[in-house]
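Undergrad: Starting from the given sequences, assemble the full structure and let the hints guide the process.
In our numbering, the protein residues as written are 2 to 260.
Hints in this document: simulated from the structure, not taken from any laboratory. Careful: at least some of the hints might be erroneous.
Here are the in silico distance ranges between beta carbons for each label pair [unchecked claim]:
#1 15 x 123: 48 to 58 Å
#2 101 x 73: 43 to 53 Å
#3 19 x 88: 17 to 27 Å
#4 233 x 61: 11 to 21 Å
#5 237 x 32: 12 to 22 Å
In this text, a Cβ means the ideal position worked out from N, Cα and C, and glycines have one as well.
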Amino acid sequence: MAFWNIRGEIPRGFTIGLNIVVWGVILALWFVIIGLHLLPPISLPNPINVAKAFIYLASDYNLIGNITMSWWRIFQAFVIAVVVAIPLGILMGSFRVIHAFFFPVVAFMRAMPITAFLPALIGLFGIEEGMKVAFLLIGMIPYLISIVVDECEKVPNEILETAYTLGANRVQVLTLLFGASLPAIFEAFIILYDIGWTYVILAEIVNARMGVGAMIEAARKVLDFDRVYAGIFVIGVATFFFRTLLRVAYRRLFPYIAR
Numbered sequence: 002m003a004f005w006n007i008r009g010e011i012p013r014g015f016t017i018g019l020n021i022v023v024w025g026v027i028l029a030l031w032f033v034i035i036g037l038h039l040l041p042p043i044s045l046p047n048p049i050n051v052a053k054a055f056i057y058l059a060s061d062y063n064l065i066g067n068i069t070m071s072w073w074r075i076f077q078a079f080v081i082a083v084v085v086a087i088p089l090g091i092l093m094g095s096f097r098v099i100h101a102f103f104f105p106v107v108a109f110m111r112a113m114p115i116t117a118f119l120p121a122l123i124g125l126f127g128i129e130e131g132m133k134v135a136f137l138l139i140g141m142i143p144y145l146i147s148i149v150v151d152e153c154e155k156v157p158n159e160i161l162e163t164a165y166t167l168g169a170n171r172v173q174v175l176t177l178l179f180g181a182s183l184p185a186i187f188e189a190f191i192i193l194y195d196i197g198w199t200y201v202i203l204a205e206i207v208n209a210r211m212g213v214g215a216m217i218e219a220a221r222k223v224l225d226f227d228r229v230y231a232g233i234f235v236i237g238v239a240t241f242f243f244r245t246l247l248r249v250a251y252r253r254l255f256p257y258i259a260r
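TA: As structure tokens, then:
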């Protein structure tokens, strides 16, 4: 069958159908596990109760406000990461001396588990907003620098030589490198937002009065696992929504390469 050809294409409608079916299978397995009492209710609540808890989150627990607060923390870290990582990554990808100076730090930060920095950040910034944004930055900046460096190094030397031949100066060549790397860098923004949503939940557990992570932690403390699972669902939906927005922006900005 053509469906089983390596890297073979399948109809879009069939793809959407499979996307729906897999969630149906997961939901069916969930009901089976609940029906057979394979796990205690406190560890895996009934899907119907989780759906009801989601309604309660929307009506009684300021769901939109919590999502907005989490998004705002991610957005602040995202903007700072872009401002810092893109220029530094372009310079590292262009000049070996700058790469040699900064690479050990970037490699070290990428290799370290971000949770190891949490106690140190609490000591440096306390437990308010500064700590949460700094925590996200530690996860975002090294990742984005690495992407920018890799994409700059992928630009063929022939393009740079042609630019020099046409009279371009060093600043113009750096601008050319940035322009050639921009589509891949923008695509990395999607993963960067995923990283933000992953880490913001950890950051919000510490003294967060608002945010999706704080909402889930508050439910866990009172053993309301219906609300915990509903909160997990909220994270998935929010991540998917913002990822979709970035993909739409990517297609509009780079229609000549968008897939």
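Undergrad: Do the beta carbons of residue 233 and residue 61 sit within 11 to 21 Å of each other?
TA: 18 Å, holds
Undergrad: If I claimed the Cβ atoms of residue 15 and residue 123 lie 48 to 58 Å apart, would that claim hold in this structure?
TA: 50 Å, holds
Undergrad: Measuring from beta carbon to beta carbon, are residue 101 and residue 73 in 43 to 53 Å?
TA: 37 Å, violated
Undergrad: So does residue 19 sit 17 to 27 Å from residue 88, Cβ to Cβ?
TA: For residue 88 against residue 19, whose Cβ atoms are near 42 Å apart, the range 17 to 27 Å is violated.
Undergrad: Please check whether residue 237 and residue 32 have a Cβ separation lying inside 12 to 22 Å.
TA: 19 Å, holds
Of the numbered hints stated above, those contradicted by the structure are hints 2, 3, listed in ascending order.
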